[in-house]
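Colleague: Given the sequences, and given the hints that come with them, work out the whole structure.
Same order as they appear, the protein sequences are chains A and B. So the first sequence is numbered by numbering that gives the first Met the number 0: it starts at 0 and just counts up by one. So the second sequence is numbered by numbering that gives the first Met the number 0: it starts at 0 and just counts up by one.
None of these hints come from the bench; they were simulated from the model. The structure displayed is predicted, hence computed values, not measured ones. Quick reminder that beta carbons are idealized off the backbone N, C-alpha and C, glycines included.
Computed spacing ranges between beta-carbons, pair by pair: (1) B:L122 / A:S82: 42 to 48 Å; (2) B:D7 / A:D226: 46 to 52 Å; (3) A:R196 / B:G13: 54 to 60 Å.
Think about it this way: if two alpha-carbon atoms lie no more than 20 Å apart in a straight line, the pair counts; the simulated PhoX-like pairs of lysine-lysine are: (4) A:K237 / B:K55; (5) B:K55 / A:K232; (6) B:K11 / B:K240.
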Amino acid sequence: MKVVSNKNLNTKYFLLTLQPPDNMPVILPGQFAQVEIKDAKNTFLRRPLSVHDVDYKNNTIKLLVQIIGEGTKKLSEIKEGDSLNLVYPLGNSFSTSGADNVLLVGGGCGIAPLLYLARLLFEKNIKVTTLIGGSSESDILEADEYRKYGDVLITTLDASIGEKGLVTQHSVFNSDKFPYTAIYTCGPEPMMKALARIAKEMNIRCEVSLENMMACGIGACLCCVVDTNEGNKCTCTKGPVFNYKELKGWS
Amino acid sequence: MELKNMPDLCVKIGGLVLKNPVMTASGTFGYGEEFADFFDISTLGGIIVKGTTGSKREGNAYPRMAETPSGMLNAVGLQNKGVDNFISDIYPRIKDINTNMIVNVSGSTIDEYIMVASKLNELDKIPAIELNISCPNVKEGGMAFGTSCPSAIAVTEAIRKVYHKTLIVKLSPNVTNIAEMAKAVEGAGADSVSLINTLLGMAIDIERQKPLLSTITGGLSGPAVKPVALRMVWQVAKAVKIPVIGLGGIMNAADAIEFMLAGATAIQVGTANFIDPAVCPKIIDGINDYLIRHRNNNVNEIIGKI
Numbered sequence: 000m001k002v003v004s005n006k007n008l009n010t011k012y013f014l015l016t017l018q019p020p021d022n023m024p025v026i027l028p029g030q031f032a033q034v035e036i037k038d039a040k041n042t043f044l045r046r047p048l049s050v051h052d053v054d055y056k057n058n059t060i061k062l063l064v065q066i067i068g069e070g071t072k073k074l075s076e077i078k079e080g081d082s083l084n085l086v087y088p089l090g091n092s093f094s095t096s097g098a099d100n101v102l103l104v105g106g107g108c109g110i111a112p113l114l115y116l117a118r119l120l121f122e123k124n125i126k127v128t129t130l131i132g133g134s135s136e137s138d139i140l141e142a143d144e145y146r147k148y149g150d151v152l153i154t155t156l157d158a159s160i161g162e163k164g165l166v167t168q169h170s171v172f173n174s175d176k177f178p179y180t181a182i183y184t185c186g187p188e189p190m191m192k193a194l195a196r197i198a199k200e201m202n203i204r205c206e207v208s209l210e211n212m213m214a215c216g217i218g219a220c221l222c223c224v225v226d227t228n229e230g231n232k233c234t235c236t237k238g239p240v241f242n243y244k245e246l247k248g249w250s
Numbered sequence: 000m001e002l003k004n005m006p007d008l009c010v011k012i013g014g015l016v017l018k019n020p021v022m023t024a025s026g027t028f029g030y031g032e033e034f035a036d037f038f039d040i041s042t043l044g045g046i047i048v049k050g051t052t053g054s055k056r057e058g059n060a061y062p063r064m065a066e067t068p069s070g071m072l073n074a075v076g077l078q079n080k081g082v083d084n085f086i087s088d089i090y091p092r093i094k095d096i097n098t099n100m101i102v103n104v105s106g107s108t109i110d111e112y113i114m115v116a117s118k119l120n121e122l123d124k125i126p127a128i129e130l131n132i133s134c135p136n137v138k139e140g141g142m143a144f145g146t147s148c149p150s151a152i153a154v155t156e157a158i159r160k161v162y163h164k165t166l167i168v169k170l171s172p173n174v175t176n177i178a179e180m181a182k183a184v185e186g187a188g189a190d191s192v193s194l195i196n197t198l199l200g201m202a203i204d205i206e207r208q209k210p211l212l213s214t215i216t217g218g219l220s221g222p223a224v225k226p227v228a229l230r231m232v233w234q235v236a237k238a239v240k241i242p243v244i245g246l247g248g249i250m251n252a253a254d255a256i257e258f259m260l261a262g263a264t265a266i267q268v269g270t271a272n273f274i275d276p277a278v279c280p281k282i283i284d285g286i287n288d289y290l291i292r293h294r295n296n297n298v299n300e301i302i303g304k305i
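Modeller: Written as structure tokens, this is what we have:
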């Protein structure tokens, strides 16, 4: 794929826009790509990265990436016009029907798969609210993009923007009239587990996107398994999106 | 334009005829189907499907994988649905793939190996099994059989009695003298040996001060193990008369050719499938181009030249 642009959002995050040589296949919200990292001495495997947004008209996809280690650092240095090898689209997707008022919750870079989902839900006339949490303002990414499709709520640990605290401490959860009929989330596992507990109390649907370490990404190596009610399942092919009720120790 | 004579890539392993020497390693290629979107898997010399045991196994707890420089550690622990499920659910789906579909067989006891091998012996479209006496990631059996000559002989002899097609024995590199192990299983009736399985290794997260794998230790694969694998293949090829199948860190055609020069009649591609799901046809093409460049009409001409 050709790198159309690589935009540094700040020192920790960057946004890649990529264009495949052929027409893009249909991509579902929540799916991911296995991205090859070249010339990084200690990075051997591909990196599974969520599809952030899809533009069929211009035949581009976006990846929103956090610099964590050597692989993502190397990827952050890629230039416009360079090429990148992706195996995509992989995995399953969030539900886009069955709920009329959805709360999307992203922790830090966990918002990555939620933008494309927000747009698809919005286009289906489903009410969307996005709750974004981070340590500080620099972790609150692309809020204006999410505002295109509905309200945006924010929490930061240092109160630099939005309400102070974790996403689960946002006042929306204390309201007597919690209006949402589903929570779709991606982010740190403790955050998603806390949201799953809230969803259980409220008796609403909750889908979580897991980030288990992967090797192949296509269900062959069985490295990325998660313990479910039906035994170990590959996060790459049976996920990354799971209803929390399927996962052992989540409800 | 002058037509080039295409080299003959065909090799033989026991009773098997492989259209080319490139196979896929067990545990890295699923049941083949997972890769069908990426290339025509019938172009392979053979596919070794996931390790199969007597009954269903859930495998080890997550995390089961850790990336290391030029390689990865895994501790999957033979997750599979058991031989009966293989026969009822998987075999009907894969039996007509037009290549050698070979089942990797594992167990905790000799009786379990015998049970699995006897059942697979009845399947017309499975022309061979690969006996896994070298899995480092299970508590019982696996590598325990493959790290001492008497137990390797015992399990191979037992299987030879009940399995009448091509029997490949997969050797562990976690031994002092791999040539002795190879000779032992050759004497016990193996038609071929494949090597190496993964090297036992470990990795630690120094910030959390915890091992990266739930099992603490796991099997190392990828380019990091290639020089060790190549040396072992060379030693074994010198020591036995049966054909040797080489594997361990093969990423491209050049690596595959190294193994063949060292004495491997065929090779298996493992971890490389994770980096490039369509790497195998590139390796087949690369071997073909190499033979043309070196004016070899037949791939067998380069086997064991070192």
